[in-house]
Amino acid sequence: MKHTIVVALAALPALALALRFALEGLGANPIEDVTHLTGEWALRLVLCSLAITPLRRFFGWSGIAPLRRTLGLAGFAYAFVHLVTWSIIDLGLDFDAIVEDLTERPYVMAGMAAFTLLSILAATSTRASMRRLGKRWVKLHRIVYVAAALGVVHHFWLIKADYRPAIVHAVLLAGLLGARLLWIARQPARSV
Amino acid sequence: MRIRESEVTDESLFLSRREVLRLGAMAAIGGSLAGCPGAGEAEAASPKEAPSNAKLEGVLEAPPRFRVDDERTSYKDVTSYNNFYEFGTGKRDPAANAHTLRTDPWSVVIDGEVGNPGSVPLETLLAKHTLEERIYRLRCVEAWSMIVPWIGIPLGDVLKRFEPTSKARYVSFETLVDPEQMPGQKRSVLDWPYREGLRIDEATHPLTILAVGMYGHAMPNQNGAPIRLVVPWKYGFKSIKSIVRIHLSEKAPNTSWNDQAADEYGFYANVNPAVDHPRWSQARERRLGEFRKRKTLPFNGYGDEVAGLYAGMDLRRNY
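In order, the protein sequences belong to chains A and B.
Residues 0 to 191 (numbering that gives the first Met the number 0) make up the first sequence, in order.
Residues 0 to 318 (numbering that gives the first Met the number 0) make up the second sequence, in order.
Derived from the structure by calculation, the hints contain no laboratory data.
Hints should not be assumed to be uniformly reliable.
[Stated by the list, open to error] Heads up, simulated DSSO-like pairs for lysine-lysine below, C-alpha to C-alpha not over 30 Å straight-line:
1. A:K159 to B:K185
2. A:K159 to B:K294
3. A:K159 to B:K250
The task is simple: from the sequences and hints, build the whole structure.
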């Protein structure tokens with residue numbers, strides 16, 4: 000049930016844009032609208048996924064732990080649509096243009112690196128992978144912080160002058176990372 | 000261009016017609032500027048399919064070399080998708096927020112290296128000129144473009160009236176500063192006022208105009224009412240909006256985006272598919288309303304007219 004609610008909430012931004020297209024028409028630059036919306040929500044949903052563990056620890060909401068995966072996969076879904084919009088719709092699968100973007104534009108490299116990491120996380124998000132990887136699974140899935148950081152950097156490098164939206168994301172990510180470090184620092188010393 | 004004898008208008012008739020056109024245009028501009036602000040607010044809040052500002056009468060159709068054949072971008076797209084950071088940094092912000100701009104009364108200060116400086120009411124500034132419709136390409140530095148039927152007057156004709164001195168080598172422009180009317184100025188996203196500039200030969204080039212309308216009607220607030228610059232061979236940010244000052248100088252002026260990030264936005268900012276923005280490609284562009292991107296043309300397709308202005312210059316360094 001809670002998974003269904005979270006998936007429905009995660010789909011709302013996409014539905015809102017679809018509704019706007021249906022009611023107001025596509026507007027001047029619908030490809031840009033789709034690109035921006037999917038990019039922003041990919042990052043935001045990954046940040047939401049990262050917020051689950053701190054919330055669980057600080058408020059004792061043990062039941063929300065499984066939502067980490069649901070939110071992370073929802074973020075990956077947006078990232079996938081974002082990648083498809085960029086490569087197929089925006090660049091028209093023009094191979095040279097895609098290669099040029101990937102090799103010459105740091106913001107594209109950062110975005111592609113973030114997507115690659117999210118793909119690895121999505122592919123190893125099953126119970127079978129958790130069993131197979133054992134302790135290594137936890138280490139592997141820490142790269143979600145790297146993916147989120149790359150997402151924030153990707154956003155920063157695209158901006159012309161108004162950094163406010165990217166700063167909000169950066170502060171949220173720093174806060175989530177800080178909460179995790181705070182938790183580790185408070186744990187009694189233990190032998191590894 | 001060849002003109003048949005039968006098409007040549009008798010000079011006395013021509014002059015009288017010019018006079019009629021001029022008076023008609025003036026009445027329309029005056030009327031639009033004095034128009035009731037309430038109506039302006041309603042239309043700015045949600046851009047309609049068709050213009051609702053005052054229609055400009057007696058507008059001369061410019062010669063073919065000032066009118067590109069490409070299909071015009073829809074009025075709705077041109078008025079609902081653009082950059083005008085004075086009203087917010089989103090593309091839809093100007094249409095949503097520009098209704099607070101008051102364009103009447105409006106004066107423009109013309110000063111610096113001119114023999115005849117002063118603060119000139121907009122009506123007076125326009126009174127001696129005939130409005131022309133020019134259909135230009137506009138290419139944004141963000142790699143989107145549109146085709147706009149502007150209505151305006153050549154900047155060179157205006158400057159001449161104020162008698163530039165021999166020291167006048169550059170022309171710079173400033174946008175209004177008033178955070179109450181321009182809520183985007185409450186944040187210092189850019190160092191207000193917005194400033195732009197041209198070399199004097201660029202400013203007096205026949206393609207360069209001061210525009211007061213588009214699509215047959217007075218300029219919508221979100222597109223730079225009541226008077227803006229249009230320099231079609233340069234990236235859109237050079238075409239400064241809602242101008243309150245025109246300054247002639249011997250030294251090159253500072254310009255807003257160049258101050259913001261000099262390595263990304265040069266003083267010249269000529270459209271050039273061969274010189275990429277440091278962060279994105281300028282080789283192609285998306286024309287608003289089109290699905291596939293198209294190739295960007297050198298000098299935005301105006302190379303025959305303007306490439307000579309930059310003869311001998313390294314356009315890679317003078318981007």
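Compare the structure with the hints numbered earlier in the document and write down the numbers of the violated ones, lowest to highest. none
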